[in-house]
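Novice: Residue numbers (our numbering), protein chains in the order written: chain A, 1 to 111; chain B, 112 to 225.
Mixed in with the good hints, there may be bad ones.
Within a straight-line C-alpha distance of at most 20 Å, the following computed PhoX-like cross-link-like pairs (lysine-lysine) qualify [stated by the list, open to error]: (1) Lys2(A) x Lys168(B); (2) Lys168(B) x Lys182(B); (3) Lys181(B) x Lys164(B); (4) Lys166(B) x Lys182(B); (5) Lys42(A) x Lys114(B); (6) Lys166(B) x Lys181(B).
Keep in mind that the hints were calculated from the coordinates and are not lab data.
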Amino acid sequence: QKEVEQDPGPLSVPEGAIVSLNCTYSNSAFQYFMWYRQYSRKGPELLMYTYSSGNKEDGRFTAQVDKSSKYISLFIRDSQPSDSATYLCAMRQTGANNLFFGTGTRLTVIP
Amino acid sequence: DVKVTQSSRYLVKRTGEKVFLECVQDMDHENMFWYRQDPGLGLRLIYFSYDVKMKEKGDIPEGYSVSREKKERFSLILESASTNQTSMYLCASRPGTGGRETQYFGPGTRLLVL
Numbered sequence: 001q002k003e004v005e006q007d008p009g010p011l012s013v014p015e016g017a018i019v020s021l022n023c024t025y026s027n028s029a030f031q032y033f034m035w036y037r038q039y040s041r042k043g044p045e046l047l048m049y050t051y052s053s054g055n056k057e058d059g060r061f062t063a064q065v066d067k068s069s070k071y072i073s074l075f076i077r078d079s080q081p082s083d084s085a086t087y088l089c090a091m092r093q094t095g096a097n098n099l100f101f102g103t104g105t106r107l108t109v110i111p
Numbered sequence: 112d113v114k115v116t117q118s119s120r121y122l123v124k125r126t127g128e129k130v131f132l133e134c135v136q137d138m139d140h141e142n143m144f145w146y147r148q149d150p151g152l153g154l155r156l157i158y159f160s161y162d163v164k165m166k167e168k169g170d171i172p173e174g175y176s177v178s179r180e181k182k183e184r185f186s187l188i189l190e191s192a193s194t195n196q197t198s199m200y201l202c203a204s205r206p207g208t209g210g211r212e213t214q215y216f217g218p219g220t221r222l223l224v225l
């Protein structure tokens with residue numbers, strides 16, 4: 001079983017839709033949770049970062065962590081064509097150096 | 112702004128060649144990482160370094176080595192390139208101490224081994 005599972009999609013939505021992206025994980029020691037956005041042929045860039053459980057909002061983006069269910073989500077409101085990218089979840093334990101990544105979900109927002 | 116640069120965006124090499132991939136960061140970060148990214152497999156950690164001349168194996172170190180002679184530079188070496196090393200290679204860096212957790216990625220090097 002992989003440490004982090006993520007539905008690869010692809011996911012296509014019309015402009016203005018609410019998008020929900022999700023990851024599940026198996027290691028209860030993960031405490032730091034991140035979402036990266038990767039445009040085609042570019043390196044990933046950090047989008048959202050949360051520590052432990054709870055919600056975090058940044059503009060049109062909301063990250064949720066439910067540690068009891070080992071489940072994290074990224075919501076995108078009022079999606080735009082410029083949101084078309086691959087979204088990667090990542091997580092790590094306290095004190096550890098390396099991140100565990102999901103395989104990424106490819107999102108296309110259709111104008 | 113943090114900047115992580117990689118020496119090449121695209122490389123084509125032949126089987127058996129020795130390949131060097133260079134990564135430079137300009138933010139005085141202690142930690143540097145090399146990943147490869149393949150469809151359906153996501154990012155997999157090859158090696159990381161938490162200080163000059165220090166290195167740790169990641170999940171898939173076989174066929175690779177690394178060098179960190181200066182804090183800002185982390186090199187990935189393919190001793191004898193093989194076709195199964197065709198991939199996208201991503202370098203990242205991160206500050207050493209606590210606080211905001213993030214890894215900053217370079218733009219990637221797309222390597223094709225023929």
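Novice: Each hint should be assessed against the structure and marked as holding or not.
Specialist: Right, here's what the structure says about each hint:
1. Lys2(A) x Lys168(B): holds (19 Å)
2. Lys168(B) x Lys182(B): Measuring from Cα to Cα gives roughly 18 Å; hence the hint holds.
3. Lys181(B) x Lys164(B): holds (8 Å)
4. Lys166(B) x Lys182(B): Judged against 20 Å, a Cα distance of about 12 Å means the pair holds.
5. Lys42(A) x Lys114(B): holds (14 Å)
6. Lys166(B) x Lys181(B): holds (13 Å)
Comparing the model with each earlier hint shows no violations; every hint is respected.
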